[in-house]
Amino acid sequence: MTGVSEKDHGEASRGGLQAAAAFVRDRLRRPFSFYLISLLLVAIIPSFIFSFVILKRSLDAQEQVVTSLLKASTGSVARIVEREVEGMLTTLKVLSTSNAMELRDMRAFYNRASVALADTDSSLVVIDRSHNQRLNTRLPFGAPLGPASDPESIELAFKSKGPLVSGVFFDNTDGRWAFNVYLPVRLPTGESYLLALTQDAGGMAKAVNRDTLSPGWNAALVDGSGKVIVSSDAVVKPGDAFFLEKLPAISIGVANISESGADYRVATEFSVVTGWRIVAWAPRAVVDAPIMWSFLWLSLGGIIFASLAVAGSLTIARLLSQGVKLLAMDARRLGAGEPIKPRRYMITEVEDVSSAFTQAAAARTKAEGEIRFLMREVAHRSKNQLTVIQSMLNQSATSTGSASEFAEAFRKRIAGLARSTDLMVANAALGVDFRELAQDQLQPFAPDDPQRIVLNGPHIRLETQVAQMLGMALHELATNATKHGALANATGVIRLDWSVSDGMIAIRWREEGADIAAPPEQASGRAAGRTGFGTVVLERMLGMALGAELERAMHPDGIEWTIRIPRGGRSDVPAETGS
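If you read the sequence shown in full-length UniProt numbering, its first letter stands for residue 1, the second for the next number, and so on.
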């Protein structure tokens, strides 16, 4: 029961798999165009995915490059600003050591400072503890001077007792936005003053030159209170609060911020010397434009490429479908046995199939003709076979003394005839090879020592009827050799030689080493005057049917037969071979 259940289970599993396979085949029955486009998509989609991955990696690398460039740019601006401010501070320190300053000779100090600042846009201002200007090189010496314009920074400078860089302020003296670099000094008399170099805010425009920035980018210097000192954007004015309110909250570096519904890419750098912030910014739309264009071009190119590929696939599928339909029509004509003419196709493989159909149709026509011919031949040869068998029957009945001898002799002759017939059928188109025929007929009589049967001759193809007759003759010769000739003892040898010359096939059967003795008629079991079937085959069938010439010679050690057959000898078997 276990074996039966396992067998049932295995059959059920196979049935389930076959049902699943049939279901899949039914579901996947689609036109050729479907599979061609599917193949195309299988090839294209991974390429697009790979392209997008490469694009993403390229954009990330580009982002890193842009970030590095922005950091380098803002750092460079910070260094320019710091060098400018440090130069101003150095000038103040040099001026603070003036003897005229110590002697409180303001005119001499004015003259020296004016000479030192003659080629610059800066002006020197001396401010006392009450925030009043005691000297200003931008105005003539002795001109009335009012209070300084940056009281908050001035107070911080006095308290810091060290250099201080102010934020941006409006200079009432010149009517412009400026900034100061302060240096506190204390005279031997105990009085405290501030030496201040005033610089026009516009003078720092070289640090935020728009030509040094990438297209779409702007830069600005912003003081500690968030006011603009100078900007590359004309809309962002000096002294105004910087329009990005979240700027103080962002860290040094590159970040994205939103302001008033707009997104910006911002890079910042802080100057330790001045306390200012260097800001570079651009709208995200401008920054992302190259990325978007790259994506759009890739997408557009992909769509165009895919469209062209699909259109080409559909065209190819149409051509293939047309070709397949014509091939199907030719196949139906081939099945009906109609002739097929070769067609010209644009696809060489389809044309090869069409040529194969044409050849198959021609081969079928030829095969059908050969079959009809063979059927006629079979009918004709069947009649001949029946005649030969009748002759064998008559001769075997008259040449044997008992029923058992008759049956054995008749069986062997039928077997020999069958072997010849097998060769005829197997080699109907090519003809029967004589060596193969001889080996096939002599094999049942061959002794254990293969050297006792020697075959020697060239390659000869015989017409099938000739082969049948010669096969019967070889069988009878071998039978006689086994009974009375070279194969009746343990040492005799049979030599079978054949050759072709002058349109004749010459066959020589020579027995050597036979025990020659004239047996009495009683021992032979035959009445006087009767002829053996071997002699009938050789003399009547070969001589009459094939036009053969026969010679027989007796030697002391065995018999010799020489048979000469015309190469194109007759193939008809006589209607009666006599008993």
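Calculated directly from the structure, the hints in this document are not laboratory data.
Do not take every clue at face value.
[Said to hold, decoys possible] Computed cross-link-like contacts, DSBU-like style, restricted to lysine-lysine with a CA-CA straight-line distance of at most 35 Å:
no.	residue 1	residue 2
1	K366	K341
2	K227	K237
3	K56	K71
4	K341	K325
5	K227	K159
6	K159	K93
7	K71	K237
8	K237	K93
9	K71	K161
10	K237	K206
11	K206	K159
12	K161	K237
13	K206	K161
14	K341	K237
15	K161	K56
16	K246	K206
17	K71	K325
18	K159	K246
19	K227	K325
20	K341	K206
21	K159	K366
22	K227	K206
23	K161	K93
24	K246	K227
25	K93	K56
26	K341	K56
27	K206	K366
28	K93	K71
29	K159	K237
Cross-check of the supplied hints:
1. K366 to K341: 15 Å, holds
2. K227 to K237: Satisfied, since the Cα-Cα distance of roughly 9 Å is no more than 35 Å.
3. K56 to K71: 22 Å, holds
4. K341 to K325: OK: K341 and K325 at ~15 Å, within 35 Å.
5. K227 to K159: Holds, at about 23 Å.
6. K159 to K93: 18 Å, holds
7. K71 to K237: Holds. K71 to K237 sits at ~24 Å (cutoff 35 Å).
8. K237 to K93: Holds - the C-alpha atoms of K93 and K237 are around 32 Å apart, at most 35 Å.
9. K71 to K161: 34 Å, holds
10. K237 to K206: Status holds; Cα separation ~16 Å.
11. K206 to K159: 32 Å, holds
12. K161 to K237: Answer holds: K161 to K237 is near 32 Å, not above 35 Å.
13. K206 to K161: At roughly 31 Å apart (the allowed maximum being 35 Å), K161 and K206 satisfy the hint.
14. K341 to K237: Judged against 35 Å, a Cα distance of about 90 Å means the pair is violated.
15. K161 to K56: Status violated; Cα separation ~55 Å.
16. K246 to K206: Distance of about 26 Å is within 35 Å: holds.
17. K71 to K325: Distance of about 69 Å is beyond 35 Å: violated.
18. K159 to K246: 31 Å, holds
19. K227 to K325: 82 Å, violated
20. K341 to K206: Status violated; Cα separation ~87 Å.
21. K159 to K366: 122 Å, violated
22. K227 to K206: 18 Å, holds
23. K161 to K93: 14 Å, holds
24. K246 to K227: 13 Å, holds
25. K93 to K56: 55 Å, violated
26. K341 to K56: 58 Å, violated
27. K206 to K366: Measuring from Cα to Cα gives roughly 99 Å; hence the hint is violated.
28. K93 to K71: 32 Å, holds
29. K159 to K237: Given that 35 Å is the threshold and the Cα spacing comes to 31 Å, the pair holds.
When each numbered hint is compared with the structure, violations occur for hints 14, 15, 17, 19, 20, 21, 25, 26, 27.
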